[in-house]
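Student: Spelled out, the chains give:
Number of protein chains: 6
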Amino acid sequence: MPVTQITLLEGYPPEVRERLVQRVGDAVRSVIAAPEAGTTTYVQHAATYRRDARVFSNGNAAHPVASDVVRGFLQAMEARDLVRAKACLAPGFVMVFPGGACFTALEDLVAWGKGRYQRVGKHFEGFDESWQGDTSVVYVRGTLHGLWPDGTPFGDIRFIDRFEVVQGHLTRQEVWNDLAAHAAAGL
Amino acid sequence: MPVTQITLLEGYPPEVRERLVQRVGDAVRSVIAAPEAGTTTYVQHAATYRRDARVFSNGNAAHPVASDVVRGFLQAMEARDLVRAKACLAPGFVMVFPGGACFTALEDLVAWGKGRYQRVGKHFEGFDESWQGDTSVVYVRGTLHGLWPDGTPFGDIRFIDRFEVVQGHLTRQEVWNDLAAHAAAGL
Amino acid sequence: MPVTQITLLEGYPPEVRERLVQRVGDAVRSVIAAPEAGTTTYVQHAATYRRDARVFSNGNAAHPVASDVVRGFLQAMEARDLVRAKACLAPGFVMVFPGGACFTALEDLVAWGKGRYQRVGKHFEGFDESWQGDTSVVYVRGTLHGLWPDGTPFGDIRFIDRFEVVQGHLTRQEVWNDLAAHAAAGL
Amino acid sequence: MPVTQITLLEGYPPEVRERLVQRVGDAVRSVIAAPEAGTTTYVQHAATYRRDARVFSNGNAAHPVASDVVRGFLQAMEARDLVRAKACLAPGFVMVFPGGACFTALEDLVAWGKGRYQRVGKHFEGFDESWQGDTSVVYVRGTLHGLWPDGTPFGDIRFIDRFEVVQGHLTRQEVWNDLAAHAAAGL
Amino acid sequence: MPVTQITLLEGYPPEVRERLVQRVGDAVRSVIAAPEAGTTTYVQHAATYRRDARVFSNGNAAHPVASDVVRGFLQAMEARDLVRAKACLAPGFVMVFPGGACFTALEDLVAWGKGRYQRVGKHFEGFDESWQGDTSVVYVRGTLHGLWPDGTPFGDIRFIDRFEVVQGHLTRQEVWNDLAAHAAAGL
Amino acid sequence: MPVTQITLLEGYPPEVRERLVQRVGDAVRSVIAAPEAGTTTYVQHAATYRRDARVFSNGNAAHPVASDVVRGFLQAMEARDLVRAKACLAPGFVMVFPGGACFTALEDLVAWGKGRYQRVGKHFEGFDESWQGDTSVVYVRGTLHGLWPDGTPFGDIRFIDRFEVVQGHLTRQEVWNDLAAHAAAGL
Numbered sequence: 001m002p003v004t005q006i007t008l009l010e011g012y013p014p015e016v017r018e019r020l021v022q023r024v025g026d027a028v029r030s031v032i033a034a035p036e037a038g039t040t041t042y043v044q045h046a047a048t049y050r051r052d053a054r055v056f057s058n059g060n061a062a063h064p065v066a067s068d069v070v071r072g073f074l075q076a077m078e079a080r081d082l083v084r085a086k087a088c089l090a091p092g093f094v095m096v097f098p099g100g101a102c103f104t105a106l107e108d109l110v111a112w113g114k115g116r117y118q119r120v121g122k123h124f125e126g127f128d129e130s131w132q133g134d135t136s137v138v139y140v141r142g143t144l145h146g147l148w149p150d151g152t153p154f155g156d157i158r159f160i161d162r163f164e165v166v167q168g169h170l171t172r173q174e175v176w177n178d179l180a181a182h183a184a185a186g187l
Numbered sequence: 001m002p003v004t005q006i007t008l009l010e011g012y013p014p015e016v017r018e019r020l021v022q023r024v025g026d027a028v029r030s031v032i033a034a035p036e037a038g039t040t041t042y043v044q045h046a047a048t049y050r051r052d053a054r055v056f057s058n059g060n061a062a063h064p065v066a067s068d069v070v071r072g073f074l075q076a077m078e079a080r081d082l083v084r085a086k087a088c089l090a091p092g093f094v095m096v097f098p099g100g101a102c103f104t105a106l107e108d109l110v111a112w113g114k115g116r117y118q119r120v121g122k123h124f125e126g127f128d129e130s131w132q133g134d135t136s137v138v139y140v141r142g143t144l145h146g147l148w149p150d151g152t153p154f155g156d157i158r159f160i161d162r163f164e165v166v167q168g169h170l171t172r173q174e175v176w177n178d179l180a181a182h183a184a185a186g187l
Numbered sequence: 001m002p003v004t005q006i007t008l009l010e011g012y013p014p015e016v017r018e019r020l021v022q023r024v025g026d027a028v029r030s031v032i033a034a035p036e037a038g039t040t041t042y043v044q045h046a047a048t049y050r051r052d053a054r055v056f057s058n059g060n061a062a063h064p065v066a067s068d069v070v071r072g073f074l075q076a077m078e079a080r081d082l083v084r085a086k087a088c089l090a091p092g093f094v095m096v097f098p099g100g101a102c103f104t105a106l107e108d109l110v111a112w113g114k115g116r117y118q119r120v121g122k123h124f125e126g127f128d129e130s131w132q133g134d135t136s137v138v139y140v141r142g143t144l145h146g147l148w149p150d151g152t153p154f155g156d157i158r159f160i161d162r163f164e165v166v167q168g169h170l171t172r173q174e175v176w177n178d179l180a181a182h183a184a185a186g187l
Numbered sequence: 001m002p003v004t005q006i007t008l009l010e011g012y013p014p015e016v017r018e019r020l021v022q023r024v025g026d027a028v029r030s031v032i033a034a035p036e037a038g039t040t041t042y043v044q045h046a047a048t049y050r051r052d053a054r055v056f057s058n059g060n061a062a063h064p065v066a067s068d069v070v071r072g073f074l075q076a077m078e079a080r081d082l083v084r085a086k087a088c089l090a091p092g093f094v095m096v097f098p099g100g101a102c103f104t105a106l107e108d109l110v111a112w113g114k115g116r117y118q119r120v121g122k123h124f125e126g127f128d129e130s131w132q133g134d135t136s137v138v139y140v141r142g143t144l145h146g147l148w149p150d151g152t153p154f155g156d157i158r159f160i161d162r163f164e165v166v167q168g169h170l171t172r173q174e175v176w177n178d179l180a181a182h183a184a185a186g187l
Numbered sequence: 001m002p003v004t005q006i007t008l009l010e011g012y013p014p015e016v017r018e019r020l021v022q023r024v025g026d027a028v029r030s031v032i033a034a035p036e037a038g039t040t041t042y043v044q045h046a047a048t049y050r051r052d053a054r055v056f057s058n059g060n061a062a063h064p065v066a067s068d069v070v071r072g073f074l075q076a077m078e079a080r081d082l083v084r085a086k087a088c089l090a091p092g093f094v095m096v097f098p099g100g101a102c103f104t105a106l107e108d109l110v111a112w113g114k115g116r117y118q119r120v121g122k123h124f125e126g127f128d129e130s131w132q133g134d135t136s137v138v139y140v141r142g143t144l145h146g147l148w149p150d151g152t153p154f155g156d157i158r159f160i161d162r163f164e165v166v167q168g169h170l171t172r173q174e175v176w177n178d179l180a181a182h183a184a185a186g187l
Numbered sequence: 001m002p003v004t005q006i007t008l009l010e011g012y013p014p015e016v017r018e019r020l021v022q023r024v025g026d027a028v029r030s031v032i033a034a035p036e037a038g039t040t041t042y043v044q045h046a047a048t049y050r051r052d053a054r055v056f057s058n059g060n061a062a063h064p065v066a067s068d069v070v071r072g073f074l075q076a077m078e079a080r081d082l083v084r085a086k087a088c089l090a091p092g093f094v095m096v097f098p099g100g101a102c103f104t105a106l107e108d109l110v111a112w113g114k115g116r117y118q119r120v121g122k123h124f125e126g127f128d129e130s131w132q133g134d135t136s137v138v139y140v141r142g143t144l145h146g147l148w149p150d151g152t153p154f155g156d157i158r159f160i161d162r163f164e165v166v167q168g169h170l171t172r173q174e175v176w177n178d179l180a181a182h183a184a185a186g187l
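Residue numbers (the numbering used here), protein chains in the order written: chain A, 1 to 187; chain B, 1 to 187; chain C, 1 to 187; chain D, 1 to 187; chain E, 1 to 187; chain F, 1 to 187.
Watch out, some of these pointers could steer you wrong.
Here are the simulated distance ranges between beta carbons [stated by the list, open to error]:
id : chain 1 : residue 1 : chain 2 : residue 2 : range
1  : D       : N58       : B       : E107      : 45 to 55 Å
2  : D       : R84       : A       : A33       : 51 to 61 Å
3  : E       : E107      : F       : G121      : 33 to 43 Å
4  : E       : L147      : F       : G121      : 43 to 53 Å
5  : A       : A33       : D       : P91       : 27 to 37 Å
6  : D       : A33       : F       : A79       : 30 to 40 Å
7  : C       : E107      : D       : E10       : 37 to 47 Å
8  : B       : G99       : D       : E10       : 49 to 59 Å
9  : C       : E10       : E       : P35       : 23 to 33 Å
10 : A       : A37       : D       : G72       : 52 to 62 Å
11 : B       : K86       : D       : N58       : 37 to 47 Å
12 : F       : P91       : B       : G100      : 29 to 39 Å
13 : F       : P14       : E       : L147      : 29 to 39 Å
14 : C       : P35       : B       : D108      : 12 to 22 Å
Okay, the calculated bits of chain A under chain F, using three or more residues with CB under 8 Å as the criterion [as the list claims (entries may be wrong)]:
id : region
15 : 15-25
16 : 37-45
Because the hints were derived from the structure by calculation, they are not lab data. All residues carry an ideal CB built from backbone N, CA and C; glycine is no exception.
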């Protein structure tokens with residue numbers, strides 16, 4: 001045990017059902033100290049479903065993978081493709097950067113960054129997702145590399161970003177990194 | 001839909017079962033765009049259970065809440081109660097601090113900190129848990145406050161810690177914060 | 001709660017499965033004071049089924065909607081299409097009319113009516129079904145309109161009919177109405 | 001088949017669970033032409049239940065049997081115990097009597113009846129319940145007996161009452177009977 | 001997979017439920033080439049159960065283990081405790097011995113054996129049960145030891161008995177062994 | 001009760017699912033004294049399944065019917081088609097014959113038989129299967145017929161064979177029969 005049975009209306013693609021059993025299995029094992037070998041999770045289909053006095057014949061949509069949304073946004077930003085990056089954002093999107101700088105427009109962030117580095121890129125080391133009802137929180141961590149304002153290259157500078165993703169769009173980004181520590185050390 | 005049924009052996013306290021349905025419901029909703037009102041999750045009991053040719057009469061233990069383990073560790077550290085803090089650690093525990101400083105012994109961290117601040121405390125703004133099989137990743141974020149080496153007070157300095165928790169014990173801590181940014185600005 | 005799962009062999013059309021979840025949901029809510037929002041009912045399919053030492057590969061037939069059978073009978077009677085009306089009847093069909101008049105043949109009813117009105121029709125205001133094992137009891141209520149024997153028109157006279165329906169055919173009809181009250185008042 | 005599983009939180013008395021499986025079995029068989037021998041219905045208990053982002057530890061209340069509420073009301077009326085009868089009524093209760101007479105107060109009905117009979121009682125021959133979401137419709141049929149205004153006794157006069165019951169209280173009563181037919185015949 | 005859920009009314013002792021999940025797991029694995037590790041079987045309880053228009057509140061009795069009934073019979077026979085042995089028999093019990101000798105009374109068997117050996121006992125090497133609806137077939141195999149009519153000892157003579165067990169009582173015994181082969185060889 | 005639900009991945013042919021519900025129903029009834037009429041067993045399909053941290057999209061293979069494997073082997077032996085017979089054997093196959101003769105090669109058995117009969121055939125009266133985890137034990141019983149070494153015919157000689165079948169191949173055969181009894185009697 002535990003054996004978990006998830007009943008869905010038909011129509012979800014295999015990828016969605018596989019993501020579902022993986023995540024539900026992980027959620028179960030975060031509470032019960034069961035070995036993987038003893039954790040069984042499966043999807044069965046309902047042919048007809050009634051709730052709230054209505055009969056539903058189609059299931060709800062599936063969310064995109066929140067980490068994929070975040071990766072797409074960061075790649076668009078790194079490529080300075082603001083059109084594509086903006087398509088990832090929900091209304092009211094807010095960014096918080098080291099030192100507490102806040103932005104709501106990507107252009108403001110770009111302008112702010114200009115005084116801090118000529119160019120910056122990210123190596124991703126890992127993504128973590130935290131599932132919280134309507135919101136999926138995504139963490140991405142890794143290292144920054146790029147050029148200081150004077151053209152000196154830098155790299156291997158630790159960073160971590162925290163995103164809140166609602167309905168497949170970003171509502172909040174928070175950033176921490178060691179840029180200042182390195183910049184200070186570099187003086 | 002979805003309707004999720006979790007079958008467990010009897011014997012788990014209500015708190016554990018409630019945590020379980022909450023987390024499984026969250027995992028389900030991270031994949032399927034179902035409203036809360038249409039997401040049903042429940043625990044039923046198995047009276048007898050056989051897997052792998054054995055009959056089990058007792059369920060597995062429940063894990064402690066990983067965020068609670070992390071909070072307890074951070075509070076012990078802030079109180080400089082190293083005995084209690086060490087009890088939270090798994091063998092092989094590693095810490096990584098801003099600038100890339102690595103420690104395996106709490107005493108080394110304490111010594112390293114002495115050159116950076118007279119005293120430091122944390123206000124917690126939020127915990128996020130990411131459930132990943134044997135490991136629960138816990139993020140805690142908030143602000144640092146304390147005294148610089150020269151006795152000047154500081155506060156409202158953003159931080160975030162990432163912990164890996166296995167079997168109720170910490171195996172890894174990574175720390176990011178704006179201390180250097182503030183220190184640099186303060187010079 | 002409650003969550004109700006109905007397991008059927010495959011092969012029933014969607015209309016039947018929808019009727020099934022609607023009725024089962026209603027039956028559940030007639031006992032448990034649960035809101036509609038918290039009442040979940042669904043059909044799942046069995047691929048193979050064994051009971052009574054036999055394997056069944058096809059489900060049982062579905063009944064027609066008993067109210068529809070009753071409506072069809074009443075419309076045939078109003079159109080004096082006795083052939084179509086008789087096709088709705090089971091062997092042993094009995095009718096009981098106001099004052100206690102009993103008939104087993106539609107022709108006898110027609111003859112009896114001739115002394116009471118030149119013509120009569122029904123406006124249906126509502127059907128109620130009561131499910132009782134092999135029998136579905138159907139009530140239909142509304143108003144009568146037509147012509148008295150002397151040709152005077154009448155209308156808005158309350159009536160209610162009770163039918164017993166077994167295997168899609170009528171076994172019994174009982175009739176109550178205000179015709180006598182109006183006839184008396186009209187003298 | 002069909003096999004129907006009803007999942008409830010614990011705490012309902014056996015009478016309620018038995019009523020539930022009886023009614024659900026009847027609802028299933030009103031749609032699927034399955035023999036009783038092949039219709040299986042059972043209640044299982046959920047230990048913990050979450051819906052709409054809340055964890056419920058107690059089930060909803062059970063409704064009283066609507067037919068019992070109706071019987072109690074009719075017995076109180078026959079005994080002219082208006083206090084007990086009124087306790088059965090919901091706000092907005094309406095009565096409709098033969099000829100279309102409408103009342104909202106029991107006293108008005110009593111006054112109206114005084115011109116029609118000295119005394120009236122009911123023999124119950126059967127109750128039918130029709131389960132319709134928030135409302136249970138109850139039919140009671142049988143015969144009236146009593147004394148005409150002139151003291152002559154009467155009996156065996158067919159009647160049928162239709163009640164709407166919501167949350168265990170009556171919201172509507174409609175009455176049909178053969179009193180006028182008999183009164184007219186008696187003149 | 002497969003995951004097998006057995007729903008029972010409450011009241012069976014743990015030994016019965018354990019036997020049940022063991023046997024059902026074995027039956028499943030006799031058909032599906034699933035490893036033990038992937039074969040999950042459990043019992044859940046129904047709180048209330050209706051079939052065939054009746055509500056059952058107690059489960060059926062459990063059968064004794066058919067192999068235990070057979071072992072008890074054979075031990076009673078070896079001890080020549082015919083009273084105890086007869087208590088294991090159903091009406092109509094028949095025995096078939098090597099060469100085709102048939103008996104219905106234990107006394108006849110005892111008499112027949114007298115010409116074949118002074119004494120005989122059995123070492124049990126294994127029991128096999130075959131579950132076939134109302135009947136459980138039990139095989140017991142092993143070796144015979146004892147004394148020939150002339151007092152010479154014998155041993156290690158292979159035997160196998162086949163029993164049919166219905167409702168915990170023996171209805172048929174068939175015996176095969178190598179006694180004749182050994183007797184012939186011994187001449 | 002009992003109601004048994006077996007959850008499988010899709011893809012098994014109807015014959016396999018029917019065999020499964022038959023055997024599981026038999027296993028249940030070997031423990032619980034339930035009538036056939038009250039024993040319900042069905043297969044439902046899982047759309048997606050995860051265990052041991054893997055997602056499985058195909059079910060395991062089905063075993064051949066062990067009795068069919070045995071029958072095929074015995075028919076091949078009777079026809080002296082050793083190639084076909086050998087294809088039924090697993091590595092390490094062992095045979096034990098009356099008197100305790102052991103063989104591992106079919107040719108040795110054939111040679112041994114030559115001194116005992118010119119020809120032998122089997123009439124099958126019944127097969128019993130005993131399901132025991134990885135192994136299915138198959139018993140076949142009936143009568144032998146053939147020619148003694150001197151050409152005299154024989155028949156109606158009781159036999160029983162016990163086979164162990166693993167993964168559709170025979171690992172062990174044990175034989176008991178009345179040949180010696182008849183041979184002795186025939187001298």
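Student: Hint by hint, note whether the structure agrees.
Tutor: Comparing the hints with the structure gives:
no.	hint	verdict
1	D:N58 - B:E107: 45 to 55 Å	holds, 52 Å
2	D:R84 - A:A33: 51 to 61 Å	holds, 59 Å
3	E:E107 - F:G121: 33 to 43 Å	holds, 37 Å
4	E:L147 - F:G121: 43 to 53 Å	violated, 37 Å
5	A:A33 - D:P91: 27 to 37 Å	violated, 55 Å
6	D:A33 - F:A79: 30 to 40 Å	violated, 51 Å
7	C:E107 - D:E10: 37 to 47 Å	violated, 59 Å
8	B:G99 - D:E10: 49 to 59 Å	holds, 56 Å
9	C:E10 - E:P35: 23 to 33 Å	holds, 30 Å
10	A:A37 - D:G72: 52 to 62 Å	holds, 59 Å
11	B:K86 - D:N58: 37 to 47 Å	holds, 43 Å
12	F:P91 - B:G100: 29 to 39 Å	violated, 59 Å
13	F:P14 - E:L147: 29 to 39 Å	violated, 57 Å
14	C:P35 - B:D108: 12 to 22 Å	violated, 59 Å
15	15-25	holds (count 6)
16	37-45	holds (count 8)
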